[in-house]
Structure formats: structure tokens, C-alpha cells
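A.B. asks: As a plain string of letters, each chain reads:
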Amino acid sequence: MPSTRKPPRRLNMAGIALWPSWIIVAVAYIGTMVWTVGISFTNSKLLPVANYAGFSQYKRLFGTPRWLQSIDNMFVFGILFILICLVLGFLMAVALDQKIRAENVFRTIYLYPYSLSFIVTGVIWQWMMNPALGIQKAVNDLGWTSFEFDWVVDPDKAIYAVVLAAVWQSAGLVMALMLAGLRGVDPDLWKAIRVDGVPTWRAYISIIIPILSPMIVTSVVLLGISVVKSYDLVVALTNGGPGTATDVPAKFIMDFLFLRSNIGLASAGATVMLVAVVAAVAPWVYAVYMRPKTTG
Amino acid sequence: MKNLSKISILAGAIAMTALGAVHAETRKAEVMHWWTTGSEAAALKTLVDAYNKAGGEWVDHAVPDYESALAAATSAIVGGSPPAALQFIGGKQFTDLAAQDYLTDLTPYAEAGKWADALPPAFMSAVTYDNKVYAIPIDNHGVNWMWSSTSALKKAGVTLPTKWDEFFPMLDKIKAAGITPVAQSGEPWVQLEVFYQLMMFRGDLDLYYAIFRDGNVDVVKSPEFKAFAEDLRKYTTYMDAGSAGLKWNDATSMVIKGTAAVQFMGDWAKGEFTAAGLKPGVDYDCTIGFGGKDYYIMSSDVFVLPKSASAEMAPVHKLLAETMMSPEVQVAFNNLKGGLPARLDADPSSFDACAAKGFAAMKNPEQQVAGIEMMTSSDRVGAVQDAVIQFWNTPSMTSDDFVAALAQAIETTE
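As you go down the protein sequences, you meet chains H and X in turn.
Everything in the first sequence is counted per my numbering, starting at 1 for the first residue and increasing by one.
Everything in the second sequence is counted per my numbering, starting at 1001 for the first residue and increasing by one.
One should not assume that every hint holds.
Unchecked claim - Just a few of them, taken from the derived set where beta-carbon distance is under 7 angstroms, the chain H residues facing chain X:
{"no.": "1", "residue": "A50"}
{"no.": "2", "residue": "A53"}
{"no.": "3", "residue": "G54"}
{"no.": "4", "residue": "S56"}
{"no.": "5", "residue": "K59"}
{"no.": "6", "residue": "A132"}
{"no.": "7", "residue": "V153"}
{"no.": "8", "residue": "K157"}
{"no.": "9", "residue": "S213"}
{"no.": "10", "residue": "V217"}
{"no.": "11", "residue": "S261"}
It should be emphasised that the hints constitute simulated quantities derived from the structure, not laboratory data.
Computed from a predicted structure; not experimentally measured.
Where is the CB? At the ideal position from N, CA and C, for every residue including glycine.
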């Protein structure tokens, strides 16, 4: 009876095909991570050495005002950047979803900044926000002489200048994601909303936004990654300045890695960032992907 | 017959190419450096030509900046395939490599070439680690120059000060004339530079050595340092509002145009004046002091020669050391680069007014001051820089806060 015969044992080709990538992950990602954590417990300078130095690098790291400020800046930058991008991106998507004319043109314009690298964005905004040759000067020359826009040279406001440039770059991406989500909303749902006489703003807040939640999560993840690795934008726009007003952890680490020949301290900084990201992401990953699905 | 001669010619050609290859290979030197701007590249060409003319084969390996060069070089050395020569800044920066035995001992070449007689003592100690010579100094950059625009000074009706006390009154007059007194960039390394340049102009050599050589925290807490810090704060009030966004060469161009009166910057700023067609002593002036001791801070680009597994590198090392230490090569190289030769016995006849002034200072042991990189680890330089730029950019920070920040910077580094 052929139907009950056991199928011949086959090689699990798919599993075998994945082995090279597993090896790469183990060596190139996890291996180097472990190595970095190890180096952070040594007093390595220009070259990695194996002199165990306990927690001395961590002690110095958290006694360094510049590191504490860079952590501070990352939070200010991250929270403002993600929130403003989400709100602006959503509003732009809603505006485009009103079946307007020339939608393609607007969509392209909004999405264009995202195709630039952060370096280009940084340089452009550095020029525009420079009080001696940018927006401030242009407006002053037009006759409004008391107009001031000197964020980028003011240590208290420079971090907001970085937020502004980053939002300009990334809001379009959120718009594109949200618009895709809005297009996925069932037209019948809109008909039902109209029949019930629900006000449009109420419909967006209570019905549409919950439907868009996967898009929101995706946006937050994408934006969050660019916050943690924010380096190029800061380097191009302010180079961490004025002073250390816009320093971020990634820049701190890069500075110590080679320029200051202190691999030990740089590794300690990188390890702290790794732990912070894992601590922030792990519960969320668990909640979204690993928690047993509740039936209901 | 015809065929035979063809074959023999071919064989001869092949043999000659092979011989040529062997010959060139013994003197083939891959050199890693970060000289990529216009004047630097032009200067480098004189070095390449000199090496090739002496029978070597220079393989150029340029990396865009110091940081990337250091990263690339360190990985190449640790990975076991180092270049033949590698650019560094003289002093403490390469001691890690020397301590772990990655560098070739150049002492025999230094003794044969009598480097100790030709170099200023500060340079000799900057290329020496553990009583062995490990680096070849190729140039000397004077760091504490003040560049001034003749037309701006004339317009304000002032002359250069003859002592430090006249400096701020001069700036006041310039300000009153509607000219930006000092052109200043917002780059952290420039702010650190002004920090110790002002020490030289004020005559505070003890403070300089206490911070950058001895790491003496007590001196930082002294009233002398506080007085200096107040002057530094005062200096920052004479910059223009857009200074934070400027690069050093943007600031230099303000002096070139005469919209700003003076700028403190190393001698590489001269390249900008020269490129703009200005003449030293006529359109602009260069000053290293206000009539006091005129201390002259020197720093040097050096080359280190990483150890190689093959013994065939010895002739390459010899040729590199001889070429780079040749007085003629150093003069030709530095006339284009804007610096001075590292050797004191070089021929000064082709120098312009500023270079001649610098060379005279360089020859006088009373004026010689070693640059910070020669005495201090890059880690401590960086920590001091962080304290300085924090003070500089935080107008509410008092000199007492600055003393505390600087003391912490020195205590946490070695």
C-alpha cells in the first residue's frame, strides 16, 4: 500500500543551505560583539591588548561629562525625532489620501529627502541654518532685521537643529508607509463610518489609527535604528558642537576608537549601547513575536 | 634565421623585464599617508620623485584623513601585511606600536646620518622610544602663529602689540572700527589650539608644561591658571556670532579679505594666503609673540617603518630613511606644503618672510617648545580638549568650573 509507506529520508537541503549564514552570524556578529565586550574590560589603547582592568573603563565612562551629555542628547533627539516624524508623516499621508490631484508629484516630493544620505542632509542644513549665510541672513536682507534663526550655533538649541534636519529627511518615509496603510483600509469601512455619521477626525483617531498600528510599529523601528546609529548627520551638521552640545554616543565611541587611541573606553561605550538597546528591544520583541498567541 | 633572431630578442626582452622586476621589487615601498589636499599632494610629489630617482619605486597609498589612516594602518600592521612606511604625528602617538615590537628600529640609520646633530632636541626625543629611534621626521609645523590683515589694522589705526597687556585694548579699537577683531572657527581642535597658543603669547610656559607634559593638577588649581582662564574667556567675546559654524580656512579667508583683523592658527594657514596671492610682510603679517620670549611650538609629521617578515626590506628602509632625511628633499617638500624642514642644517635661502622667521625661532633653543602630541597621549589631549571646548562654548561656566573640569580630565587619563 503505497500511501502508508514512509517517505524516503531526505537531506534537509534548506537547513544545510542556511549553515553558511549561521556561521557568518556567529562569527561576524556575535563573535565580534563578545570580543568588544571583552576588550571593554582591558586597558587597551591604540591596539587591543589582554590586560584585565576590571570595571575601570566603565567607571571613567560614567565620570565623563561628555558621555553623559551624549546619552542625554540621544534621548532628546530620539524622542522628538520619532514623535514629530510620526505626526507629520501621518498628517501628510492623510492629506495625500484625500484623492487630490497630482498625488504622484507630491508623493515624490515628500519622499525625495529620504533618498539623500544623512551627510548631504547635514551639509545642506548646515548652510541653511548658518546665521551668517543661510535663512537668517536671507530674511534679514529682505528687511526683517530682528529675525533670528541661530539654532545651530547656540549650544542650548543646537540639538533641535539636528532634530529639524533629521525630520526633514525621514518624515517622507513615514508618510509613504502610512499612505500604504491607508490605501489598505477597506472602502466599505469608510462607507460604514459615513452611514453612522461619525466625524472624520474621530474616525481617524478611533478606527483608522488602530488599523495602521503595524505601520506605526515599522516606522518606530526604522526611526529608532537611525537614532541609535545617528552619527553621520551629527558629524556633517554640527560635528558634535558647539562644544559638545550635540554629541551622540556613536560619535563619542568613534572619537575614542581611533582619534584618541583608547579602544578600551570606546568598547565600554559600545557595550553600554548594546546593553541599552537589548534592554529596550527585548521585551518588545518578546511581546510581538514570541508571546503565545491568545485566542479570542 | 629571422625567426631565431626574433625569438632571441623576445627572450632577451623577457629576461630584461624579469630582471627589472626583481630589481624594482627590492626597492618597492608602499607608503600610507593622509596628504590629499592640493598643496599637500604637490608637496608629496617632490618626495615621490626623489625616492624614485634614487632607485626606488614608491607605491602611493593615500587615505583621506588622520582617523581613517590610523584605522587602516593599525589593522594592516596587526593583520601582518603592513605598508613599508606609514605617516604618524611625532611623539606619543606611535609608542604603543613600538612597545609591542611592530616597528623597525631605525637607530643605525639615525647614527649613520647624524640625526641627533641635525634635529632640534625636541624632535629627536619625539622620534625616540626606549632609547631607540623609530620614526623619520619630515617637516616642522609651527603651531602658535598669529596672522593679521595689514589693511584691517591700518583701518582701525592700530599696530601690533609689543606686550600682552596691549592685546585686548588693540582688539577694542578694532571692534570700534567696525571690523571683527578675531577670526575664529568653531572646530574643537582649533579651540584647543587657541587655548595653548594664548599661553605662549601670554608667556605662560609653566602652565603649558604643567598640563601637557607633567600632568600637574596643582598648577591647574593655581591663581595663575585662573587669570589665564579669565583672559581666554575674554578672548571669546571678540569673535563674531557665526564663528561656531566656521571651518579654520573660512576664518582665514576673513583675514584675507580684511573683514577680520587677526587669527591664531598654525603655519598651514599660510597656504591660504599664498593661494589668494597675498605677500607676507606686505598684505598680511605673521607673529609668534608680542616681544617677550616668543616661544615657538613645533610639531612634526613623521614616518614609521613597520616591521616586515621578509629580510628584503632592509634596502627599502635605508633608501626611505636617506631620502626623507635629505635636507634638499625636506626643503623642496616643505616650501610647497607651508611648513619648515625638520633639519636645522637645511638651506634657508628659498624661504619667504614668515618661513624665515619660523626657522630662526626653531634654531634658538630658548624659543623651542615641543608640541602637545610630542609629550601627551592622544587620550589626554582629547580629554583636555573636551574640557576646553566645554568652557569655551558655555558662557555661564566660571573659571572655577573650568579648573575642576580640566583637573578631572588630567586625573582620569595618563
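A.B. asks: If a hint holds in the structure, say so; if it doesn't, say that too.
C.D. replies: So, going through the hints one by one against the coordinates:
A distance limit of 7 angstroms between C-beta atoms decides the matter here; for A50 (chain H) the minimum to chain X is near 12 angstroms, and the interface restraint is violated. A hinted interface residue such as A53 (chain H) counts as satisfied when its beta carbon comes closer than 7 angstroms to some beta carbon of chain X; here the least separation is about 12 angstroms, so the hint is violated. About 15 angstroms separates the beta-carbon of G54 (chain H) from the nearest beta-carbon of chain X, more than 7 angstroms, and the hint is not met. The criterion of a C-beta within 7 angstroms of any C-beta in chain X is not met by S56 (chain H), whose closest approach is roughly 10 angstroms, and the hint is violated.
Among the interface hints, the one on K59 (chain H) is violated; its C-beta lies about 9 angstroms from the nearest C-beta in chain X, farther than the 7 angstroms criterion. With a cut of 7 angstroms, the hint placing A132 (chain H) at the interface with chain X holds, because the nearest CB-to-CB distance is about 3 angstroms. The restraint placing V153 (chain H) at the interface with chain X holds, with a minimum CB-CB distance near 4 angstroms, inside the 7 angstroms limit. The interface hint given for K157 (chain H) is violated, since its Cβ lies 11 angstroms from the closest Cβ of chain X, which is over the 7 angstroms cut-off.
Of the supplied interface hints, the one on S213 (chain H) is violated, with its beta-carbon coming no nearer than about 41 angstroms to a beta-carbon of chain X, more than 7 angstroms. Hint status for V217 (chain H): violated, given a least beta-carbon distance of 36 angstroms to chain X, over 7 angstroms. Restraint check, S261 (chain H) versus chain X: the minimum CB separation of about 5 angstroms is within 7 angstroms; hint holds.
When held up to the earlier numbered hints, the structure conflicts with 1, 2, 3, 4, 5, 8, 9 and 10 and fits the remainder.
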